[in-house]
Amino acid sequence: MAKILLVDDEIEFVEMIAFRLAKTGGYDVVSAYDGEEGLRKARSEHPDLIILDIWMPKKDGYQVIKELKGSEETARIPVIFLAASNLPQTLEKVKAAGGADYILKPFDPPVLMTKIKTVLEKNNV
Amino acid sequence: MIGVILVFRDISEGRRLAQQETEFVNTVSHELRTPLAIVKEGISQVVEGLHGELGAEPKDYLDTVLRNVDRLSRITNAILDFSRLESGKVVLKKVLFDIAELSNEVVTGFRQSAKDKGLELRCLICGEKVMVLADRDKIAEILVNLIGNALKFTDHGYVEVALTEQAGAFEFTVADSGRGIAQEDLPKVFNKFEQFGRVAGPGEKGTGLGLSIVKGLVEQHGGRIRVESELGKGSKFIFTLPKKDEK
Amino acid sequence: MFDDQVLHDLKNPLSGITGSIGLFLEGLLGPLDAEQKKYLTNIDFSAKRLTLLLMELSAVANAEKKQLVVTKVPFPAGELREETAWLKQLAALENKTIVDTFDDDLSLPADKKLTVMIVTDLLVNACKQTDRGGRVTFSIKPDKGGPLFEIGFSGEGIPREFTAKIFDKNFRADHPELKAKTGAGLGLYFCKLAVEAQGGKIGAEGARFHFRLPQDR
Chain A
13 MAKILLVDDE IEFVEMIAFR LAKTGGYDVV SAYDGEEGLR KARSEHPDLI
63 ILDIWMPKKD GYQVIKELKG SEETARIPVI FLAASNLPQT LEKVKAAGGA
113 DYILKPFDPP VLMTKIKTVL EKNNV
Chain B
299 MIGVILVFRD ISEGRRLAQQ ETEFVNTVSH ELRTPLAIVK EGISQVVEGL
349 HGELGAEPKD YLDTVLRNVD RLSRITNAIL DFSRLESGKV VLKKVLFDIA
399 ELSNEVVTGF RQSAKDKGLE LRCLICGEKV MVLADRDKIA EILVNLIGNA
449 LKFTDHGYVE VALTEQAGAF EFTVADSGRG IAQEDLPKVF NKFEQFGRVA
499 GPGEKGTGLG LSIVKGLVEQ HGGRIRVESE LGKGSKFIFT LPKKDEK
Chain C
24 MFDDQVLHDL KNPLSGITGS IGLFLEGLLG PLDAEQKKYL TNIDFSAKRL
74 TLLLMELSAV ANAEKKQLVV TKVPFPAGEL REETAWLKQL AALENKTIVD
124 TFDDDLSLPA DKKLTVMIVT DLLVNACKQT DRGGRVTFSI KPDKGGPLFE
174 IGFSGEGIPR EFTAKIFDKN FRADHPELKA KTGAGLGLYF CKLAVEAQGG
224 KIGAEGARFH FRLPQDR
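Chains as they are written, first to last, in the numbering used here: chain A, 13 to 137; chain B, 299 to 545; chain C, 24 to 240.
Possibly wrong hints are sitting among the right ones.
[What the hints assert, rightly or not] Computed spacing ranges between beta-carbons, pair by pair:
#1 C:T186 - B:D358: 49 to 55 Å
#2 C:A57 - B:F395: 36 to 42 Å
#3 C:E106 - A:I23: 21 to 27 Å
#4 C:L171 - B:E482: 53 to 59 Å
#5 A:E104 - B:R365: 55 to 61 Å
#6 B:E482 - C:A57: 32 to 38 Å
#7 C:A57 - B:L529: 52 to 58 Å
Please keep in mind that the hints were generated in silico from the structure rather than gathered at the bench. Since this is a predicted model, take the numbers as computed values, not measurements. All C-beta atoms, glycine included, are put in the ideal place defined by N, C-alpha and C.
Given only the sequences and the hints, what does the whole structure look like? Please build it.
Below, the structure is given as structure tokens:
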């Protein structure tokens, strides 16, 4: 079963999304509530996909993905960004950062599930 | 000399304040989105029955909640868009493209809504080829806004999209046989948040910002927009796009 | 930008949201099982956050135009405790506790609506400043110069160089790296305007927010 790592500092939000991913998608879910914990868990849990918030304490999403890409063991894990801003400069930054996709909060749940499925399939999971 | 220096200082101070205001709006929008995302996800899950079965009446109420969450999101987006326009932060990506083809795309998107309402949707330039230099996405936004509005405020008859070539500019028209606008309201049509008098029919509630954003976008292209209308006699929105890159 | 018209447009759908959730939680739309109730309660917290944000926006917009209406009608501190009780449940979700120590009968010479918003905001702020498992304290000390409200939190305090700046309008935007620690909604900028509109003073030192409201004759 594919394993997904959720990284976002909104605890309630993470719990809700984790619930949906496990219940309707059948995924194995691991959670982290800030950038540093996210990196730690990416290395220890070897997830197949990371859903990553941008504006977070300790390390923001851009820093996290930079470090993920910079390390052999985590470089190939695809990342879907959670954006809370639809400013063009944010979206450009997101694309340039090397994420596989992004989704803007708030979103329609089926859209997230489809993006996850697509990215996992693309990465042969 | 002193007068000139003062003017320069005012301009840059004005820009700095506009910048700060935009940052403020960004921060607040972010704050609005986060709990909105929680409400949307949480309610969706309950409505989908993921936490136990739900009766019909509760489900209806929760569907209302979801609609309102979406409405709040739309308004938040519109506020951000408008704020960026005001602070001059929208950068146009001008490309050479066929505006007739774009119109066709947009009109096609509205065909079903027009049909559902029993309205005729006429596009007089849709078969042609008219090349313009402009930001394609922003022009699409303008067209979607004007045509959507026309359909919303028309109960019988038609909405017609046309383009004429003038010397030096293209003139784009979206006309409808709808309810029209009262004389005293005409000057306010492009003001932000004006949703005067007219009561829209069923369907998504507007944000009140649409036309002010449209005006901003048209003017950023160096064009002008105006409206001709009479209560009970329909409306005609006309905007121009200069043919060459005008400064 | 967030003038009255905008706020009005934002408040309408929000009322639709909170109204419906409220009906549910009161059991007026049929029985809810435990899990549904838990979910809706969590959602309700977010709806409350949204509402607080909009109320603060409204107050700030008015205060900046010097049009903030302040109505001082003395009320007992116990009412303040009631109105902020929901925050204890919210804090508990992150294993944080809020402990309040003041006399319920203490009479507060203030605008109740604004004071509830200020205290709510400071408590949420304090919760953000403290780590999981941390403790927030809330006390009100009567004084002839006017009651002194103190909201403290366990853990590292606010760095000295920021204690004055955190009440500025754009502090959060200027310091994105401090996101987690810089509050809820409009936060401290609103608190400053609302305290000053009542003739009071607000400040922060180390791991403590404090404000005093003047005792009117």
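Hint check results:
1. C:T186 - B:D358: 49 to 55 Å: At roughly 50 Å between Cβ atoms, B:D358 and C:T186 fall inside 49 to 55 Å, so the hint holds.
2. C:A57 - B:F395: 36 to 42 Å: violated (57 Å)
3. C:E106 - A:I23: 21 to 27 Å: Holds: the Cβ-Cβ distance is about 24 Å, inside 21 to 27 Å.
4. C:L171 - B:E482: 53 to 59 Å: holds (55 Å)
5. A:E104 - B:R365: 55 to 61 Å: violated (31 Å)
6. B:E482 - C:A57: 32 to 38 Å: violated (57 Å)
7. C:A57 - B:L529: 52 to 58 Å: holds (57 Å)
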